[in-house]
Amino acid sequence: MLIHFEHIAGTSEDAWIQHLQGAAKMLEATGPELCRDGFLHQLFRHLRLLTFVASMFRNEQHAFALRKWTTIPFQIHSKTAFDELIDILFGLLPCLSVADKITTTSNTDEWRRGKLNSMVLDLIFRLYNWWSQCISMLSPVEAPADEWMSVNNKDLNEDPYHPTNFPLLFHSDMPTAALGSVYDCANVILFRLLFLSSTSAYLYEERIQRHVQSILSAKEFIAAIPGPASGRGSLMLEFPLRIIEIWNPPTQEDTNTMPADSEKSKDDDLRISSARLNELFAHFVSLMLREISSCTSSPMILSNLWTRNFTLL
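Numbering (the numbering used here), first residue to last: 2 to 314.
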C-alpha cells in the first residue's frame, strides 16, 4: 500500500522504490519455496513488474531475475501471459549489465559483443513467441493460467528477426493496451542494444519506431477510456513512456520542425539528459544514441558503432 501511495503522492522521487525494495527483501528472506501459494504468492506476483521497473531506475540487477525465482514460485500456480512477459523483462537486466561493460571498456571486447548479441537475439525470439501466443487468443491478458499454458502458438511461418516483420498487439481493451506497451518498450530496448553488437542494427530502425508509435497509441487509447480504468492503465504506461524518452532519439524531422524558442532546446535536452544519467541505464544509452543520431542510414557509417570504443564522457 505504501508503494502505491508514494507513487501517487510523489513525496519524493524514489520513496516508492524504497518501500518496494523493503517488500522484495522480505520475500527474498522467505525464499522462493514459500512464495508458491497463498498470500506470499500473490504478493510476489504483484511485486515482480514493479521490482523490474525499480531495478531499471537504479541500474541494478535483482534476485527475482534468477532462475529459481522465475520457476519455483510457479510450481503450484502456472504462469499467465503477464507472468511470462515479466520473465522476459527480467532477462533484459543481464543484457544491460553486459552492455554497460562494453561501453566502459577501453578496448574493443569482441567476446562481450558476441555474448550480448546472442542474449539479445534470444530475448527477441522469446518476445516473438509470447506475441504469437497472444494473438492466438481472444483475450490473452485476462486469460487464466491454464488457458494460457495450453494454447498453441499461431504458426505464422515468419522470421522473428526480419526487419520488415512488425509483431504488434492491437489495443482492443485497456489491459491489452497497457501490457502491450510494456511489450513494445522491451522491443525498443532490445533492438537498440543491437547497435552495440551487430553491424546490421540499422535495419531495425523502422521496427523500433513502430513499437514507439504503438506505445504512444496505447497512451491515447487508454486516455480516451472514461472512468478509473484510464488511471490504472496510465500507471503501467509510465515506464514505457520513460523508456522511449531516453532510449529513442528524436528524428531529424522532429529536430527541424522544432521552434527556435521551444522549451526543449538543445541546452534543455542536455540538462535533462544529465539529470537522468543515473536511471534507466541512461549513462551509456545517451552516448549510444548520440552516435546513432549523428549517423545517416548508411550501413558503412553505422557499422562504426560496432567497432568504435565506447567510453563515458
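Please note that a few of the clues may not be correct.
What the hints assert, rightly or not - In silico EDC-like links for lysine to aspartate or glutamate, alpha-carbon gap of 20 Å or less:
| # | residue 1 | residue 2 |
| --- | --- | --- |
| 1 | K80 | D101 |
| 2 | K69 | D38 |
| 3 | K80 | E34 |
| 4 | K102 | E61 |
| 5 | K102 | E280 |
Claimed, not checked - Cβ-Cβ distance ranges computed for the label pairs, FRET-style:
| # | residue 1 | residue 2 | range |
| --- | --- | --- | --- |
| 6 | K69 | D174 | 31 to 37 Å |
| 7 | A146 | D110 | 40 to 46 Å |
| 8 | E239 | D147 | 27 to 33 Å |
| 9 | Q43 | E239 | 34 to 40 Å |
| 10 | E280 | H47 | 21 to 27 Å |
| 11 | Q76 | S98 | 26 to 32 Å |
It is worth saying that the hints were derived from the structure and are not from the lab. Heads up, the beta-carbon is just placed ideally off N, CA and C, and yes, glycines get one too.
These are the hints, each one checked on the structure:
For the hint pairing K80 with D101, the CA-to-CA distance comes to about 31 Å; that exceeds 20 Å, so the pair is violated. Between K69 and D38 the alpha-carbon distance is near 15 Å, which keeps this suggested pair within the 20 Å criterion. With a CA separation close to 16 Å, the supplied pair K80 and E34 stays within the 20 Å bound. Only pairs whose Cα atoms come within 20 Å are accepted, and K102 paired with E61 is accepted, the gap being roughly 13 Å.
Distance restraint check for K102 and E280: the Cα-Cα separation of roughly 16 Å lies within the 20 Å cut-off, and the hinted pair is therefore satisfied. Taking 31 to 37 Å as the suggested C-beta distance range, the pair K69 and D174 conforms, at roughly 34 Å. At about 41 Å, the beta-carbon gap between A146 and D110 stays in the expected band of 40 to 46 Å. A beta carbon spacing of about 31 Å between E239 and D147 agrees with the range 27 to 33 Å that was offered as a hint.
Taking the beta carbon of each, Q43 and E239 are about 23 Å apart, not inside 34 to 40 Å as hinted. Checking the proposed 21 to 27 Å range against E280 and H47 shows it holds: the Cβ atoms sit about 23 Å from each other. Evaluation of the 26 to 32 Å hint for Q76 and S98 yields a pass: the beta carbon distance comes to about 28 Å.
The structure fails hints 1, 9 (numbered hints given earlier, in ascending order).
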